[in-house]
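K.L.:
So the protein lines, in turn, are chains S and A.
In terms of the numbering used here, the first sequence opens at residue 1 and continues consecutively.
In terms of the numbering used here, the second sequence opens at residue 1 and continues consecutively.
Derived by calculation from the structure, the hints in this document are not laboratory data.
Predicted, not measured: the structure shown is a model, and the values here were computed from it.
It cannot be assumed that every hint is accurate.
One copy or two, it doesn't matter: identical chains are merged, so the pair holds either way.
Unchecked claim - With a Cα cut of at most 25 Å, we get these calculated DSS-like pairs of lysine-lysine:
# : residue 1 : residue 2
1 : Lys-343   : Lys-313
2 : Lys-410   : Lys-343
3 : Lys-273   : Lys-439
4 : Lys-383   : Lys-439
5 : Lys-439   : Lys-145
6 : Lys-344   : Lys-169
7 : Lys-339   : Lys-145
2 protein chains.
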Amino acid sequence: MSALTYAQEHRSRFLDELKAFVSIPSVSTLPQHTGDVRRAADWLLEQLRGMDMTGELIPLDGGHPIVYAEWRNAPGKPTMLIYGHYDVQPVDPLHEWTSPPFEPTIRGDDLYARGACDDKGQVFAVIKGLESILRSDGALPLNVKVIVEGEEEIGSPGIYKWIDRHGRKLACDFAWVSDGGLFAPGLPMITTGLRGLVYTEVEVRGPSHDLHSGQHGGAAPNPVNAVASIIAGLKDRRGRVTVPRFYAAVREPSPEEKTSWERLPFNEEAYLKELGIAVAPGEQGFGILERRWARPTLDAHGIVGGWTGAGSKTVIPSRVVAKISMRLVPDQRAVTIYKSFVKKVKKLAPEGVEVEVRELASGDPVLVDPKAKPVQVAAGVAKQVWGADPVFTREGGSVPIVAKFDRVLKVPTVLFGFGLPDDNLHAPNEKFHIPNFYKGIETVIRFIQQIAS
Amino acid sequence: MSALTYAQEHRSRFLDELKAFVSIPSVSTLPQHTGDVRRAADWLLEQLRGMDMTGELIPLDGGHPIVYAEWRNAPGKPTMLIYGHYDVQPVDPLHEWTSPPFEPTIRGDDLYARGACDDKGQVFAVIKGLESILRSDGALPLNVKVIVEGEEEIGSPGIYKWIDRHGRKLACDFAWVSDGGLFAPGLPMITTGLRGLVYTEVEVRGPSHDLHSGQHGGAAPNPVNAVASIIAGLKDRRGRVTVPRFYAAVREPSPEEKTSWERLPFNEEAYLKELGIAVAPGEQGFGILERRWARPTLDAHGIVGGWTGAGSKTVIPSRVVAKISMRLVPDQRAVTIYKSFVKKVKKLAPEGVEVEVRELASGDPVLVDPKAKPVQVAAGVAKQVWGADPVFTREGGSVPIVAKFDRVLKVPTVLFGFGLPDDNLHAPNEKFHIPNFYKGIETVIRFIQQIAS
Chain S
1 MSALTYAQEH
11 RSRFLDELKA
21 FVSIPSVSTL
31 PQHTGDVRRA
41 ADWLLEQLRG
51 MDMTGELIPL
61 DGGHPIVYAE
71 WRNAPGKPTM
81 LIYGHYDVQP
91 VDPLHEWTSP
101 PFEPTIRGDD
111 LYARGACDDK
121 GQVFAVIKGL
131 ESILRSDGAL
141 PLNVKVIVEG
151 EEEIGSPGIY
161 KWIDRHGRKL
171 ACDFAWVSDG
181 GLFAPGLPMI
191 TTGLRGLVYT
201 EVEVRGPSHD
211 LHSGQHGGAA
221 PNPVNAVASI
231 IAGLKDRRGR
241 VTVPRFYAAV
251 REPSPEEKTS
261 WERLPFNEEA
271 YLKELGIAVA
281 PGEQGFGILE
291 RRWARPTLDA
301 HGIVGGWTGA
311 GSKTVIPSRV
321 VAKISMRLVP
331 DQRAVTIYKS
341 FVKKVKKLAP
351 EGVEVEVREL
361 ASGDPVLVDP
371 KAKPVQVAAG
381 VAKQVWGADP
391 VFTREGGSVP
401 IVAKFDRVLK
411 VPTVLFGFGL
421 PDDNLHAPNE
431 KFHIPNFYKG
441 IETVIRFIQQ
451 IAS
Chain A
1 MSALTYAQEH
11 RSRFLDELKA
21 FVSIPSVSTL
31 PQHTGDVRRA
41 ADWLLEQLRG
51 MDMTGELIPL
61 DGGHPIVYAE
71 WRNAPGKPTM
81 LIYGHYDVQP
91 VDPLHEWTSP
101 PFEPTIRGDD
111 LYARGACDDK
121 GQVFAVIKGL
131 ESILRSDGAL
141 PLNVKVIVEG
151 EEEIGSPGIY
161 KWIDRHGRKL
171 ACDFAWVSDG
181 GLFAPGLPMI
191 TTGLRGLVYT
201 EVEVRGPSHD
211 LHSGQHGGAA
221 PNPVNAVASI
231 IAGLKDRRGR
241 VTVPRFYAAV
251 REPSPEEKTS
261 WERLPFNEEA
271 YLKELGIAVA
281 PGEQGFGILE
291 RRWARPTLDA
301 HGIVGGWTGA
311 GSKTVIPSRV
321 VAKISMRLVP
331 DQRAVTIYKS
341 FVKKVKKLAP
351 EGVEVEVREL
361 ASGDPVLVDP
371 KAKPVQVAAG
381 VAKQVWGADP
391 VFTREGGSVP
401 IVAKFDRVLK
411 VPTVLFGFGL
421 PDDNLHAPNE
431 KFHIPNFYKG
441 IETVIRFIQQ
451 IAS
């Protein structure tokens with residue numbers, strides 16, 4: 001029996017197993033679910049071992065363990081690294097769920113449950129693809145390493161450090177991540193670029209204590225006015241970031257990329273409506289998709305200082321804190337941009353205030369060469385399984401694990417997801433389109449067979 | 001027994017009573033203290049009635065009542081209107097207080113408590129002066145009306161309207177306000193000018209809900225960046241407010257005023273040290289005192305929006321709120337400046353955000369004629385009680401009620417305060433120098449005796 005036939009014949013069991021997987025409330029952000037997160041890890045490890053893979057839980061300092069499994073009996077053949085995560089987002093607001101988030105429910109062609117799409121359903125499709133080949137052929141045509149982490153939804157604090165120290169354990173020829181979606185129903189998407197991030201906290205201090213603004217206004221330095229000048233000064237009138245040499249390393253998208261983006265079925269009006277805005281301002285001279293995917297930017301995420309209660313307290317506050325990040329694109333480097341940012345912020349600070357900048361998080365941007373063999377093979381498979389040539393897009397967010405694969409393992413990553421744009425990730429009524437689950441399994445089977453041949 | 005002897009002999013009771021008064025947490029800005037504010041009003045009314053004055057609480061629409069009392073048994077004699085307030089500022093940041101703000105504590109010669117100086121201690125000194133005369137002489141040598149409001153720290157929304165409608169009830173020959181301080185220890189001060197105030201809340205709204213800054217950064221309007229541009233744009237590089245025609249009505253101080261200010265024992269180094277700052281930035285071309293007293297200015301008092309917790313949440317927030325005020329000087333008018341401010345703010349708002357401006361408080365600036373009889377008598381008493389000729393200064397803060405006395409009652413106001421420059425008004429560890437409490441009582445006794453003779 002072929003792997004594809006096996007997958008076909010075991011669909012209903014696969015779906016039942018996925019339902020068991022998503023019924024475990026492995027919410028990594030909430031301490032009360034620590035036991036559930038561990039239960040999901042154990043359950044998944046059991047699955048992988050049941051497919052005759054060698055597996056273990058890798059503990060992380062004070063965190064949720066990595067599920068690791070491997071099958072390395074194809075000497076001379078390439079090694080594929082598969083990444084996913086078994087933890088899920090919290091479920092609030094609970095009352096907006098039509099069916100309970102951890103009681104997987106089928107309505108129409110969709111399976112509703114927290115984690116159904118992000119990422120349990122997707123990573124499980126990949127695993128069921130492996131099982132189909134192993135059970136039908138008795139072996140894989142290449143070597144496989146699987147890491148499924150339990151801290152993605154809290155920013156993956158543990159796995160990054162672990163990769164820095166134990167990267168050799170993950171040595172491979174390419175990586176595969178299914179943690180995204182199609183561009184639109186019927187239109188598969190392969191992501192070839194991810195933005196990086198430098199996330200900072202800027203604290204501005206003025207007088208040593210809050211002052212009466214009547215008595216001292218006009219003489220005392222005001223940290224809120226000062227941080228406003230700083231934030232305002234970080235962009236010019238054309239929406240460009242003023243940090244020196246900010247754009248120096250920015251690589252233009254290739255003409256092919258630009259052309260393909262222009263052809264995407266992107267509806268600006270629908271986009272504005274989804275965001276609840278009238279216009280999409282930003283860096284002049286670039287389209288919305290290019291600004292989100294291929295242009296670096298700067299955003300303040302939060303700010304607090306002084307009197308924020310009701311009414312009119314007339315203080316000149318002593319301090320204010322703002323969170324400000326920059327999204328980076330190839331070939332900007334987080335470490336360089338951060339240094340330049342700190343200098344610029346201090347230069348923008350008006351007379352009389354002290355400024356302290358703290359780096360809270362950072363990650364480099366990533367580009368995957370669309371011509372890399374695994375990407376090309378995946379593109380061919382996409383057409384066979386999903387009936388359309390995939391679009392090559394970038395993603396405005398950061399998937400720092402892919403930056404790690406790029407910089408530490410020095411391998412390309414195939415970013416090929418099976419979700420749909422309306423799958424309600426991180427929101428109530430998360431779902432996974434069941435036909436996409438089966439097509440995901442088929443995608444992985446065909447991909448492995450073709451890349452190894 | 002003379003009134004002065006009476007005051008001397010009852011010092012310790014007066015201090016105990018003041019401690020009882022400041023132990024009532026009458027924070028008018030916080031709804032949870034509404035009951036306490038009322039309690040302070042009742043307590044004070046009881047005091048005034050206990051001195052054989054006729055008193056009542058005057059309710060204000062949805063606000064805190066005015067404590068009103070009068071003694072009008074001196075026909076043919078002038079009528080003195082005494083004003084003060086029994087509400088106090090909030091106490092945040094609480095952890096910076098050495099002793100709890102509502103557990104009055106004596107350290108050295110100072111009484112530490114919220115409201116000790118601003119304004120409970122000062123208005124209570126005036127009241128104890130009245131009591132001393134009434135108890136020792138059995139009568140006052142003039143007529144007295146006392147109003148003590150409970151909304152000063154929230155901008156006196158109720159009393160202004162009330163005065164506009166019921167000004168005749170306050171008809172008088174002059175007013176007395178003790179809600180300030182000496183210029184320096186040993187140097188009494190009579191204030192002949194007060195800045196006005198326009199206090200606003202500016203709300204900036206972007207997307208209808210918080211957005212993922214990776215996915216949408218570069219395309220979505222960011223209200224925190226926008227409010228920063230607005231605040232930064234409200235002043236130019238020379239520290240001048242950019243609101244159109246902001247300076248058009250500003251009256252230059254007289255040459256005499258300027259000369260007398262130059263002679264004041266103002267130590268810039270000590271001032272900077274007191275504020276905990278290295279330099280006093282501000283409008284170029286003006287000295288520190290002139291900037292604080294006779295120049296209008298603009299300050300942000302607080303700001304909050306987006307993610308302000310620990311760590312790095314990558315949102316583009318949906319909204320941000322900032323509190324921004326302008327201090328006004330003669331002959332600027334609050335109503336004109338507010339209109340011009342709203343226009344300017346909307347003009348400064350970047351594309352893609354909505355801006356709403358709300359007026360939280362406002363008051364016109366005031367000038368008092370230094371040659372008015374009550375001011376001259378007060379100056380003589382100042383020398384007798386405090387041992388030095390008083391300096392005539394202006395005050396950077398606003399006492400909008402004085403503007404009402406000026407415009408509605410058309411009488412001059414004696415602004416003679418008993419606080420010290422380091423009394424920490426509106427800040428942690430507010431205090432009142434106890435000898436000044438006693439001298440304040442003596443000042444009022446002598447003033448009343450001399451003005452009526």
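K.L.:
All the hints need checking, so say for each whether the structure fits it.
P.N.:
The hints, checked one at a time:
In this homomeric assembly, Lys-343 and Lys-313 come within 25 Å of each other (Cα to Cα) only across copies, at 23 Å, whereas the closest approach inside a single copy is 33 Å. Within a single copy, Lys-410 and Lys-343 get their C-alpha atoms no closer than 31 Å, and across copies no closer than 55 Å, so neither meets the 25 Å cut-off. Taking identical chains as interchangeable, the C-alpha atoms of Lys-273 and Lys-439 are never at most 25 Å apart, the minima being 28 Å within one chain and 67 Å between chains. In this homomeric assembly, Lys-383 and Lys-439 come within 25 Å of each other (Cα to Cα) only inside a single copy, at 12 Å, whereas the closest approach across copies is 92 Å.
For a Cα distance limit of 25 Å, the shortest separation of Lys-439 from Lys-145 inside one copy, 22 Å, qualifies, whereas the shortest one across copies, 85 Å, does not. In this assembly of identical chains, the alpha carbons of Lys-344 and Lys-169 never lie at most 25 Å apart, being 40 Å within a copy and 60 Å across copies at closest. Taking the shortest Cα distances, Lys-339 and Lys-145 never come within 25 Å of each other, neither inside one copy (36 Å) nor across copies (65 Å).
Of the numbered hints listed earlier, those contradicted by the structure are 2, 3, 6 and 7.
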